[in-house]
Amino acid sequence: MPHLEGLLLQAYLDGYCNDARIAEVESHIESCDECRQRLDVARRAATRASQLLGALEPGPVHAPPFEELQARAAARAAGGETTSAGGDEVDGDSMLGAATTERVVPFWRRPALAWAATVVMAFGVGWLSRTEFGLPADLKARAGPSFERLGDATEGSRVLPADADAAEVPTVGSPGSNPTGLRTQVLAEPESQRNIAVTDELDDVQAAKRSVSSEAAATPPPAPTAILDASDQRQAAANHAEADAASELRLAEGRTSADMPARESGVTVTGESALVGFNEQEEVAKTFADEGTVGRFVVVDRSAAELWLGVAPRELPGLPLLRVEVGPGVLFDNGIPGRPAVRLVYLASSGQEIALLQQYTGPLARRELAQVGQLEAGRDAGAGAARANRARAVEELRTDLLFAADRDAVVGGVLDLPATVREPDGRAAYTWLEDGYLLSISGAVDPDLLRGLADRIR
Amino acid sequence: MDLSEVYSEHYRSLVRFLYRRTGDQGLAEDFAQEAFVRAIEHQPEQPKAWLFQVAANLARDDHRRRAVRYRHLALVGNEVGSLTAGSVGGVRPDVAFERNESAARVRAALAELAPNDRDGLLLKEEGLSYDEIAEVLGLSRASVGTTLSRARNRLAAAYERLEAEGSRNDAAS
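From first to last, the protein sequence lines stand for chains A and B. Numbers 1 to 458, taken from our numbering, label the letters of the first sequence in order. Numbers 1001 to 1173, taken from our numbering, label the letters of the second sequence in order.
Just so you know, not all the hints are guaranteed correct.
As the list claims (entries may be wrong) - Have a look at the derived ranges for each label pair, beta carbon to beta carbon: (1) A:G452 with B:N1169: 32 to 40 Å; (2) B:Q1046 with A:S50: 19 to 27 Å; (3) A:D448 with B:S1008: 51 to 59 Å; (4) A:S31 with B:E1101: 42 to 50 Å; (5) B:E1045 with A:D455: 47 to 55 Å.
Unchecked claim - If you want the ones that stay clear, here's a sample from chain B, every Cβ over 10 Å from chain A, calculated: (6) A1164; (7) E1165; (8) G1166; (9) S1167; (10) R1168; (11) N1169; (12) A1171.
No wet-lab data here; the hints were simulated from the structure. A virtual CB, placed ideally from N, CA and C, is assigned to each residue, including glycine.
Using the sequences and the hints given, assemble the complete structure.
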């Protein structure tokens, strides 16, 4: 008889099981000493925690009459005052707007939309990696300062070594060595899937579908330019040799099993399914949505990270890059909730993983992406509108996937001095703010080494 | 449920949550009232989870600002290396006073937990369901159990370590 899952025991203990589950647990523990003991251990831990927290009881609580609070709310509404008792930076209205409207149907309970967002991300990745944000040089020249800013920031990423493709391939299997202890989920993005035709009839993806098909028809292959990055070359290679894509996917699969605890293996991306076609990808996307992507980092293609962050991520030269992850800012200790975060994981010569966690603190590029779309719309009604749709879809993706976790978290004070912190688990982190990036480099290594690595980035 | 009923039923619970979170009862009451004032303004559909979420955000924001300020002070006064995890971990220096030693230890242990672990645990103590906790923390429901289990074990472990350190220090002095 298989033993009960830890999560099930925990849920039983916390009163979060339906009757069938309760019956399952109770009949099992009657005959299984081991599970009964596990349950006892968990129960003792829960009792102990409650007992400890019992030491923190407030004194007599002052409770003003409810009418007084109503009067305060009314006075506030009359005076047009924004709610800001939480602090000077709190914009209560925007925060609560998010809380009330988006709360009602959380992202992870909207599989259709989440699914669409995931699909859109696949397209966005393909689109963005075609050229520098997919824009021909002449358009970039006409785009004016708003795009230049984006372009300048993008330059930083071009220090990527020519063999970055190879460097992205994990060189060591390192199960459980996630340097920050955050949960990581793998979303492998096969190159050959980028421009796959969408056959589903979900309304949410109609715009994306149209944009893909019209672009495929209307846009000639991009002319080679000096700023083609590694992923373009990789895409070209993948288009010519499916075998290459297959081997890459096998690597991605290896990464999946290395990074994910067994009990979270609900999302699996196998080389085969990713090549077979969309139905499998749909399954992955659905599971992805069911599992909830909020509250964790996800392994992505490098160009997706740039899309996620809104600007090119800062990189750590000289070390092999193991993987690229994106996640919500709320997971960035001392970071800015509500802002996208990207984590690049490198391999130090000592064999430890070094994580470079970053957020962009400047004006988010969401608006700039939209502007790009509008510019294109002015240029060419067909393809331009498709781009505009896609830019909006990208925004939606970020709003849903990313900001779901952070939607009413508040941008508080940003750590504005370099600081070194040693975590209880022996991991050290060095955090600093530079050129609008909040950067934090961490690993189970000497803090001095981290500072040295930080100097390389500067 | 009418908000005034929610108020009479959950206001104290909210204050306790915030007190455990901030260590300052006056602040806890201010934040709890603020959360209710906002609830009156916005009439959320699920007021309980909503209130706790606003409260957690208020506390988090407050903590962030204090932590930054405190770190500045610490950096001015000390070498960077002397900042230990404990001093950065979130114990407010101006709330060092506790009614007894054990409470101070629990608070220090609580400060060592990851933010989501700590909040999850405190929300569970206030009787929130897995669904509500998932809602407040932006986690998937499936991960609430893991979060709680980890938080409980870490809280107890941190407490016991602090207790052992405390008795060693007593013996040394």
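How the hints compare with the structure:
Taking the beta carbon of each, A:G452 and B:N1169 are about 35 Å apart, inside 32 to 40 Å as hinted. At roughly 25 Å, the beta carbons of B:Q1046 and A:S50 sit within the given window of 19 to 27 Å. Distance hint check: the CB atoms of A:D448 and B:S1008 are about 56 Å apart, consistent with the given range 51 to 59 Å. For A:S31 and B:E1101, the Cβ-Cβ distance of about 45 Å falls inside the hinted range of 42 to 50 Å, so the restraint holds.
In this structure the hint that B:E1045 and A:D455 lie 47 to 55 Å apart at CB holds, the actual value being about 51 Å. Annotated as non-interface, B:A1164 keeps its C-beta farther than 10 Å from every C-beta of chain A; the closest such distance is 15 Å. The claim that B:E1165 lies off the interface holds: its Cβ sits roughly 13 Å from the closest Cβ of chain A, which is beyond the 10 Å cut-off. Look at B:G1166: its CB is around 14 Å from the nearest CB on chain A, clear of 10 Å, so calling it non-interface holds up.
Every C-beta of chain A lies more than 10 Å from that of B:S1167, the closest at about 17 Å, which supports listing it as non-interface. Consistency note on B:R1168: stated as away from chain A, and its beta-carbon is indeed over 10 Å from all of that chain's, at 18 Å minimum. Distance to chain A confirms B:N1169 as a non-interface residue, since its nearest Cβ pair spans about 18 Å, more than 10 Å. Look at B:A1171: its CB is around 23 Å from the nearest CB on chain A, clear of 10 Å, so calling it non-interface holds up.
No hint from the list above goes unmet by this structure.
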